[in-house]
Amino acid sequence: MPTEKTALTPATHTVPPAKFSHGVKKGNILQVAGQVGFLPAVEGQAPTPAGPTLREQTLQTFANVKAILEEGGASWDDVMMMRVYLTDVDHFAEMNEIYNAYFEEQGLTQAPAARTTVYVGLPKGLLIEIDALAVLDN
Amino acid sequence: MPTEKTALTPATHTVPPAKFSHGVKKGNILQVAGQVGFLPAVEGQAPTPAGPTLREQTLQTFANVKAILEEGGASWDDVMMMRVYLTDVDHFAEMNEIYNAYFEEQGLTQAPAARTTVYVGLPKGLLIEIDALAVLDN
Amino acid sequence: MPTEKTALTPATHTVPPAKFSHGVKKGNILQVAGQVGFLPAVEGQAPTPAGPTLREQTLQTFANVKAILEEGGASWDDVMMMRVYLTDVDHFAEMNEIYNAYFEEQGLTQAPAARTTVYVGLPKGLLIEIDALAVLDN
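Chains as they are written, first to last, in my numbering: chain A, 1 to 138; chain B, 1 to 138; chain C, 1 to 138.
In case anyone wonders, no lab produced these hints; they're calculated from the structure. Mixed in with the good hints there might be a few duds.
To be verified - Cross-link-like lysine-lysine pairs, in silico, DSS-like; alpha carbons within 25 Å at most: (1) K19/A x K124/A; (2) K124/C x K124/A; (3) K124/A x K19/B; (4) K19/C x K124/C; (5) K19/B x K124/B; (6) K124/B x K124/C.
As the list claims (entries may be wrong) - Derived list of chain A stretches under chain B, where covered just means 3 residues or more per stretch with a C-beta under 8 Å from a C-beta of chain B: (7) 83-96; (8) 116-122.
Note that the Cβ used here is the ideal one computed from N, Cα and C, for glycine as well.
Looking at chain A on its own, in the form it has when it is part of the complex (with noise of 0.2 Å):
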């Protein structure tokens, strides 16, 4: 049966600069591309991190996933897999501080998502990345 693969573009995000998606849904699979922590598109402006620390991108990260997660009806409790991409391994105690308290938040209803999380380059002034795949209900 033919199903449709389709983009998932919230508001906040600009129209892809490449031929990417922010996030794409087919079936029941929904898959976020690498979110960073920028700020909601502004027409005619650069893109602007929220922040230059690690708190405030993270959250802004999150924000952005999460966009793309309701663009395609899913929620957090959809969340299989978080990729979590820092460039410092000192990051990684107070980036589980601002995660842990950030679902705690959020009030999953659901075993969280699995994780990984590796130090890696980005480009200058960020601090985090995260991508995110999605199972939906059949």
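Mind docking chains B and C on chain A? Use the hints.
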């Protein structure tokens, strides 16, 4: 049809210290979080790597991934993708040797999983991290 | 219902040197292993990159991913997620240009895949690695 996402927490693992799961299963999709070479959890003790060598850590990491698969009723034969994170390009050949010998012993009956290996930063003392995506029979 | 997981080994690829598959397919999920810019395999010769430049390696990497998709009866339109691993942040703009032009030419009929780009270490001489997750029509 609503489908519950459940956490997979083998007896060898601690309850996760943060709002993530060691593994989750929803429908026929099973995702294993990034595993490292920590020995089975001992209450009241900090997580301890199986040893300082790549061999010790790789074999323990495999054991940790496998425990989560089994907790979800899956086996290595269900694994579609393994992501292997190493800290040192010079470890690739040795990791491959250990990898091949291990999966030889496991007696796979289906095609081995796809794999990506990249070189990243990991917390001090850790040489390898692996996560896995499995698709179970319907 | 048991579902076989099958290996995808295009004619352009060697039989994998380790216990992994270039790609696997099970049910409607297809996973492509990390591909790099190696030219089609020639028996008795070591794998050789298409060239030293980002452009040569990126285009060859795309060809290698595509060969595996096609071996599994899939196309770029089925790809949900591409993970792009670069070694140098300064390569991002050029990679995007190559990426856009390539997918323009491929004539996608559905939303382009989501994507994450991070900067990691790769074996000497390699500038890019890409893996892909596809969901086929049911």
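Each hint, compared with the structure:
For the given pair, K19/A sits about 22 Å from K124/A by alpha-carbon distance, which is consistent with the 25 Å threshold. A C-alpha spacing of about 24 Å is found between K124/C and K124/A, which places the hinted pair at or below 25 Å, so the restraint holds. Between K124/A and K19/B the CA atoms are separated by roughly 29 Å; this puts the pair beyond 25 Å, and the hint is violated. Distance check on the hinted pair: K19/C and K124/C sit about 22 Å apart at the alpha-carbon level, within 25 Å; holds.
Using a Cα cut-off of 25 Å, the hinted pair K19/B and K124/B holds, with the two alpha carbons roughly 22 Å apart. Taking the CA atoms of K124/B and K124/C, the gap is about 24 Å. The hint holds against a cut of 25 Å. Coverage of the segment 83-96 of chain A by chain B holds in this model, with 3 residues showing a Cβ closer than 8 Å to a Cβ of that chain against a need of three. Check on the segment 116-122 of chain A: 5 of its residues sit with their Cβ under 8 Å from a Cβ of chain B, so the three-residue criterion for coverage holds.
This entry does not satisfy hint 3, going by the numbered hints stated previously; all others are met.
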